[in-house]
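K.L.:
Here the sequence shown is numbered in the numbering used here, starting from 1 and rising by one per residue.
Be aware that one or more of the hints could be misleading.
[Stated by the list, open to error] Pairs of lysine-lysine residues, derived as DSSO-like cross-links and limited to a Cα-Cα distance of at most 27 Å, are as follows:
no.	residue 1	residue 2
1	K39	K28
2	K46	K28
3	K46	K34
Simulated from the structure, these hints should not be mistaken for laboratory data. Nothing here was measured: the structure is a model prediction, and the numbers come from that model.
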Amino acid sequence: RPFIPSRNPPGGAVAYCDINATRSGILKDLDFLKPLKGKEGVVWAKPYLSPGSEVVGPQDGLPTWVAEIVVQRPTAQAALDYLFELQNSLDPPIV
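With the sequences and hints as input, model every part of the structure.
P.N.:
Structure, rendered in structure tokens:
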């Protein structure tokens, strides 16, 4: 029988997403991730790219993945809501 997770998993639920480039250009720096470091509920915020990397935005093709964010909260819905809040607050500096 397959494992079926409980509604409230021990340690809480996690949610994650990739942050995409919002436009094409050069990723100036990774400072947009600094506010997430050490923030309660953020498991990690890891960049996929280095500063100075060329990125593609949705207007020019498949957007480049810039970073990954993983969060943890007591329930799946709380984790997802928190993730959306953080995701909407980020704006990678692309010039």
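K.L.:
With the threshold set at 27 Å, check whether the alpha-carbon distance from K46 to K34 stays at or below it.
P.N.:
10 Å, holds
K.L.:
Regarding the pair K39 and K28, is the alpha-carbon distance no greater than 27 Å?
P.N.:
23 Å, holds
K.L.:
Does K28 sit within 27 Å of K46, going by the straight-line distance between their CA atoms?
P.N.:
16 Å, holds
Going through the hint list in order, the structure satisfies each hint without exception.
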